[in-house]
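Whenever a hint applies, use it, and build me the whole structure from the sequences.
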Amino acid sequence: TADYFREKGLEEGMRIGQEKGLEKGREEGLEKGREEGLEKGREEGWAEARKHLARSLYGNGAAIPLIAASTGLSQEVVGKLVEA
Numbered sequence: 001t002a003d004y005f006r007e008k009g010l011e012e013g014m015r016i017g018q019e020k021g022l023e024k025g026r027e028e029g030l031e032k033g034r035e036e037g038l039e040k041g042r043e044e045g046w047a048e049a050r051k052h053l054a055r056s057l058y059g060n061g062a063a064i065p066l067i068a069a070s071t072g073l074s075q076e077v078v079g080k081l082v083e084a
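The sequence shown begins at 1 in the UniProt record's numbering and counts up by one.
Mixed in with the good hints, there may be bad ones.
Here are the computed lysine to aspartate or glutamate pairs in the DMTMM-like style, where the Cα-Cα straight-line distance is at most 20 Å [said to hold, decoys possible]: (1) Lys51 / Glu35; (2) Lys20 / Glu31; (3) Lys32 / Glu43; (4) Lys51 / Glu76; (5) Lys24 / Glu43; (6) Lys24 / Glu12; (7) Lys32 / Glu44; (8) Lys8 / Glu19; (9) Lys40 / Glu28; (10) Lys80 / Glu44; (11) Lys24 / Glu7.
Ranges of calculated distance between the beta carbons of each label pair, as one might list FRET restraints [stated by the list, open to error]: (12) Gln18 / Glu39: 26 to 34 Å; (13) Gly45 / Leu10: 28 to 36 Å; (14) Gln18 / Glu76: 52 to 60 Å; (15) Gln18 / Glu44: 33 to 41 Å; (16) Pro65 / Gly37: 33 to 41 Å; (17) Glu36 / Gly72: 40 to 48 Å; (18) Gly9 / Trp46: 30 to 38 Å; (19) Gln18 / Glu83: 57 to 65 Å; (20) Trp46 / Ala84: 38 to 46 Å; (21) Leu38 / Lys80: 24 to 32 Å.
Calculated from the structure, these hints are not laboratory results.
None of these values were measured; they are calculated from a predicted model.
Here a beta-carbon is modelled for each residue, glycine too, at the ideal position from N, C-alpha and C.
Structure (C-alpha cells):
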C-alpha cells in the first residue's frame, strides 16, 4: 500500500542521509587532521631552526643576549643550547 512504500522510502532516505553524513564527517576529520599535522610540523621545524641558528650564532662569536633577541629564545634556553 501507499503507507508501506512511503515508510520504506523514508527509511531508505534516512539510511542514505546517515551514510552521506558519516562520509562527510570522515572527510572533514581527515582534512582537519592533515591541517593540524602540517601546522605541528611547521612549528617543530621552526623551533629546530631557531635552535640551529642560536648554535650557529654562538659559534660565530655572538653574545647570548644578542642570540636570544635574534631568535626569540630566552637567554636561559640559549645558554643551555650552547652548553650542550
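Now for the hints, and whether the structure bears them out:
{"no.": "1", "hint": "Lys51 / Glu35", "verdict": "25 Å, violated"}
{"no.": "2", "hint": "Lys20 / Glu31", "verdict": "16 Å, holds"}
{"no.": "3", "hint": "Lys32 / Glu43", "verdict": "16 Å, holds"}
{"no.": "4", "hint": "Lys51 / Glu76", "verdict": "13 Å, holds"}
{"no.": "5", "hint": "Lys24 / Glu43", "verdict": "29 Å, violated"}
{"no.": "6", "hint": "Lys24 / Glu12", "verdict": "18 Å, holds"}
{"no.": "7", "hint": "Lys32 / Glu44", "verdict": "18 Å, holds"}
{"no.": "8", "hint": "Lys8 / Glu19", "verdict": "17 Å, holds"}
{"no.": "9", "hint": "Lys40 / Glu28", "verdict": "18 Å, holds"}
{"no.": "10", "hint": "Lys80 / Glu44", "verdict": "18 Å, holds"}
{"no.": "11", "hint": "Lys24 / Glu7", "verdict": "26 Å, violated"}
{"no.": "12", "hint": "Gln18 / Glu39: 26 to 34 Å", "verdict": "31 Å, holds"}
{"no.": "13", "hint": "Gly45 / Leu10: 28 to 36 Å", "verdict": "52 Å, violated"}
{"no.": "14", "hint": "Gln18 / Glu76: 52 to 60 Å", "verdict": "55 Å, holds"}
{"no.": "15", "hint": "Gln18 / Glu44: 33 to 41 Å", "verdict": "38 Å, holds"}
{"no.": "16", "hint": "Pro65 / Gly37: 33 to 41 Å", "verdict": "36 Å, holds"}
{"no.": "17", "hint": "Glu36 / Gly72: 40 to 48 Å", "verdict": "23 Å, violated"}
{"no.": "18", "hint": "Gly9 / Trp46: 30 to 38 Å", "verdict": "55 Å, violated"}
{"no.": "19", "hint": "Gln18 / Glu83: 57 to 65 Å", "verdict": "59 Å, holds"}
{"no.": "20", "hint": "Trp46 / Ala84: 38 to 46 Å", "verdict": "20 Å, violated"}
{"no.": "21", "hint": "Leu38 / Lys80: 24 to 32 Å", "verdict": "29 Å, holds"}
Violated hints for the displayed structure, listed by number in ascending order: 1, 5, 11, 13, 17, 18 and 20.
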